[in-house]
Amino acid sequence: MRQGEVASKGAWAGNPQGGVKAPAPLLLPDPATRFARTAARLESLAHLHPMADWLRFMARLAQAQHAAAIMPPPTETPDQARVDQAVTARMPPLAADDHARTKAWRNGLATLLDRLAQNPMPATASSVIAQLRARDENAVEALADNFLHGGLGVADAGAAMYVAAALQVYFTRLAASLHAPGLRLLPQRGLCPCCGSTPVAGVITASGPAPGTRYLYCSLCGTAWNHVRAVCITCGGSRSVSLEGIEGDTGAARAETCNECHTYAKMLYQAKDMQVDPFADDLATLALDVLVGEAGWSRHAANPLVLVGT
Amino acid sequence: MPLVRALAAWHARSASDTRGRLAVELSRRGFIKLSGAGLAVSSLSALGFGFAGAALAASVRSFKLEATTETRNTCTYCSVACGILIYSIGDRAKNARSNIIHIEGDPDHPVNRGTLCPKGAALLDIVHAPTRLQMPKYRAPGSNELKPVSWDFALGRIAALMKQDRDANFVARNAAGTRVNRWTSTGMLAASASSSETAYVTWKIARAFGMLVFDNQARV
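Taken in order, these protein sequences are the chains called A and B.
For what it's worth, the numbering used here labels the leading residue of the first sequence as 1, then goes sequentially.
For what it's worth, the numbering used here labels the leading residue of the second sequence as 1001, then goes sequentially.
Take these hints with a grain of salt, some might be off.
[To be verified] Here are the simulated DSSO-like pairs of lysine-lysine, each with C-alpha atoms no more than 27 Å apart in a straight line:
| # | chain 1 | residue 1 | chain 2 | residue 2 |
| --- | --- | --- | --- | --- |
| 1 | A | K272 | A | K21 |
| 2 | B | K1119 | A | K272 |
| 3 | B | K1119 | B | K1137 |
| 4 | B | K1163 | B | K1137 |
| 5 | B | K1147 | B | K1137 |
| 6 | B | K1064 | B | K1033 |
| 7 | A | K272 | B | K1064 |
| 8 | B | K1119 | A | K21 |
| 9 | B | K1147 | B | K1163 |
Hints were generated in silico from the structure; no laboratory data involved.
Since we're looking at a predicted model, the values are computed, not measured.
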């Protein structure tokens, strides 16, 4: 080390914060990668998995979603004045259960079903596709309304999964057309700032501009938003929050349980597995849900692709 | 529907939606419990993947849950007071022994945003250091050995010595005869990770003694 020399007279070009940044409050989805990433991750997770057949089917569904997500024409941008009004009122601008859908989502559904039908699948799954195609517009719209608003009957469980997948594509494209700096997080931090839906899982980052921060991923539009760690996402309590994991596994997926509201939400740790994808890993870690459910905690909300009778 | 009314309706619904639902209804909102039996009435079975649900239920039998707790705290080292997250094993059950297994910077803390200096990053080794001071120890005058003593003895001894020193060296008035009430022969160094309230009380106690040699978090 050289010492005792004359100090440099040049202007200092360093970063006064040392490169440490506050995390971005929300990350809008990219329809070009959102579903392709999930499909690739599901394929790799299916290997030697007890639910391999189902995961491969879901990977093909994600591929079909990808085809629908990149299909022209581009999404119509939502009316900026209405978006601003909702943001000012601290409401989600694309509120899942109030947004007036355009028929673009049904074109997406048709593309998705066409793509998916090319793959081998159980007879039940393909007969549900045939039945869904046979329904008229109003019946399909009613099914979508029931999915978004609640009131879905068990008889529609199969068709609702395809409808949910098409609505994910539609809302993802819509959310991607928003302008992130003009949005705000909701006072209900556990709900999506774009569409007000519940998250599918949380990811604790290990890279990027703010490593270690938690992002919750919207189950419908794929928007990620920042949420303080070690706090229950359902009730906001922090007194009795615990992480439950399966003994001896990688520790990448853990359930954050809360003994105040007796719920849990799944958290994925990038530090343990850099490839985690909230949508894929949630489906591949249902064993954790079963164990935590048997131990007495309820899941904060369903994954829209795995609706279960309550 | 006008937007404002629609938004008000959304608010009302989101409040009621997070509660439980009627039996045998599927919902994307509201709490659910997944189980092998529950998957029999689900998107899985409706698409002909009921066997996958059964395979899952069977595979789960060999698994066991393991609890970890994340706790927020403040680094003990300096007055910067960085936020830390402490990971411990054990679920706080009565007979389970807890143990700290990992400490990292708190990424949500505005002071350090998840970063720690090398001393802070080595906190786990301090926690588990075999040489860590865990009880008061006393080396009697003339002795070369530190002996464990009770807290009562340690606090009593400190109080007696403080009183002795203050009685001997307290300066009530300066050379000009003005009242100053100074005690300059004893100093106090207080904790770094104090809250505003703790710093306030510490300050009041030290100053009430007339103590001038004093440093604590309230200075920062």
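- Query: Taking only the CA atoms, is the gap from B/K1147 to B/K1137 under or equal to 27 Å?
  - Reply: Between B/K1147 and B/K1137 the Cα gap is close to 5 Å, so the pair holds against 27 Å.
- Query: Hey, B/K1064 versus B/K1033, does the alpha-carbon distance stay inside 27 Å?
  - Reply: With a Cα-Cα distance of about 18 Å, the restraint between B/K1064 and B/K1033 holds, given a limit of 27 Å.
- Sort out whether A/K21 lies within 27 Å of A/K272, counting only the CA atoms. Holds, at roughly 23 Å.
- Query: Between A/K272 and B/K1064, does the CA-CA distance stay at or below 27 Å?
  - Reply: holds, 19 Å
- Message: Please verify whether B/K1119 and B/K1137 have alpha carbons no more than 27 Å apart.
- Response: holds, 25 Å
- Would you check the hint for B/K1119 and A/K21, treating anything up to 27 Å between C-alpha atoms as holding? Holds, at roughly 22 Å.
- Measure nothing beyond the straight line between the CA atoms of B/K1163 and B/K1137; if it is 27 Å or shorter, mark the hint as holding. Answer holds: B/K1163 to B/K1137 is near 21 Å, not above 27 Å.
- Query: Straight-line Cα separation of B/K1119 and A/K272 no greater than 27 Å?
  - Reply: Cα-Cα ~24 Å, so holds.
- Distance restraint between B/K1147 and B/K1163, which requires alpha-carbon spacing of 27 Å or less: holds, 24 Å
Hint compliance for this structure: every hint is met.
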